[in-house]
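Engineer: This is what each chain is made of:
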Amino acid sequence: AQSVTQLDSQVPVFEEAPVELRCNYSSSVSVYLFWYVQYPNQGLQLLLKYLSGSTLVKGINGFEAEFNKSQTSFHLRKPSVHISDTAEYFCAVSDPSADYKLSFGAGTTVTVRA
Amino acid sequence: NAGVMQNPRHLVRRRGQEARLRCSPMKGHSHVYWYRQLPEEGLKFMVYLQKENIIDESGMPKERFSAEFPKEGPSILRIQQVVRGDSAAYFCASSPPSPGVGDTQYFGPGTRLTVL
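Here the protein sequences come in this chain order: A and B.
Quick note on numbering: the first sequence equals residues 1 to 114 in our numbering.
Quick note on numbering: the second sequence equals residues 115 to 230 in our numbering.
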């Protein structure tokens, strides 16, 4: 079974500064990896996903993530954040043999300040 | 296109009562997934349903919990005789009729259940 660790529960950041959200997973098999964002009072929305191929994945709203198999990590980055990026971010993993069964981290709350 | 709808958004029950959580998938979607988020934890998979079929319920507690997705109407997650440990956020997600590899699940805003 897979598990996901999001290393930071809260990340405060100033507007136009870069941000990195860390995600590590544990699994003995190959995995699919996802980042979701949840804005207040809304459902989780997919930012990006890694299934195979290039280890650098680009998503919506200027976010990108890099899959590092040797470090079992899938960190999310954005070079310049906006106030509207204030939200909770969830990293998730699934086993390709049952790819619908997502396992999520506990989430990272990003607060962007002017 | 309306997203995944869940109601109620907040539900308060006393110990021993029943809780019914509803999920209407996105238009055209016929696959539904339920997840539970306990305080300070990530979402955990509970059950995967298609219309009138339970495909995988490996994440469902063995007792008191049941789920259905009838031919007509929303999917229902039912918790009988609730206990304080059932207090959590319950999220529903849906995907299209023939989900592909690693296909995207579209999530609703969740139902926050509080058991007094």
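Source of the hints: derived by calculation from the structure; they are not laboratory data.
Watch out, some of these pointers could steer you wrong.
Unchecked claim - Distance ranges between label pairs, derived from CB positions:
| id | chain 1 | residue 1 | chain 2 | residue 2 | range |
| --- | --- | --- | --- | --- | --- |
| 1 | A | S80 | B | T218 | 23 to 29 Å |
| 2 | B | K185 | A | E16 | 49 to 55 Å |
| 3 | B | R128 | A | S80 | 46 to 52 Å |
| 4 | A | S30 | B | E154 | 39 to 45 Å |
| 5 | A | S97 | B | Q164 | 46 to 52 Å |
| 6 | A | E66 | B | R129 | 44 to 50 Å |
| 7 | A | P79 | B | R178 | 25 to 31 Å |
| 8 | A | S30 | B | E132 | 39 to 45 Å |
| 9 | A | Y39 | B | P175 | 16 to 22 Å |
Because the structure is a prediction, the values reported are computed rather than measured.
All C-beta atoms in this analysis are idealised placements derived from N, C-alpha and C, irrespective of residue type, glycine included.
Engineer: For every hint, state whether the structure bears it out.
Structural biologist: To see whether the hints hold, each was checked on the structure:
1. A:S80 x B:T218: 23 to 29 Å: 26 Å, holds
2. B:K185 x A:E16: 49 to 55 Å: 52 Å, holds
3. B:R128 x A:S80: 46 to 52 Å: Since R128 of chain B and S80 of chain A have Cβ atoms about 49 Å apart, the given range 46 to 52 Å holds.
4. A:S30 x B:E154: 39 to 45 Å: This hint is violated: roughly 29 Å between Cβ atoms.
5. A:S97 x B:Q164: 46 to 52 Å: 18 Å, violated
6. A:E66 x B:R129: 44 to 50 Å: 47 Å, holds
7. A:P79 x B:R178: 25 to 31 Å: Given a distance of about 48 Å, which is not inside 25 to 31 Å, the answer is violated.
8. A:S30 x B:E132: 39 to 45 Å: The hint (39 to 45 Å, Cβ to Cβ) holds, given that S30 of chain A and E132 of chain B are roughly 41 Å apart.
9. A:Y39 x B:P175: 16 to 22 Å: 30 Å Cβ-Cβ, so the 16 to 22 Å window is violated.
Checked against the numbered hints listed earlier, the structure breaks hints 4, 5, 7 and 9; every other hint is satisfied.
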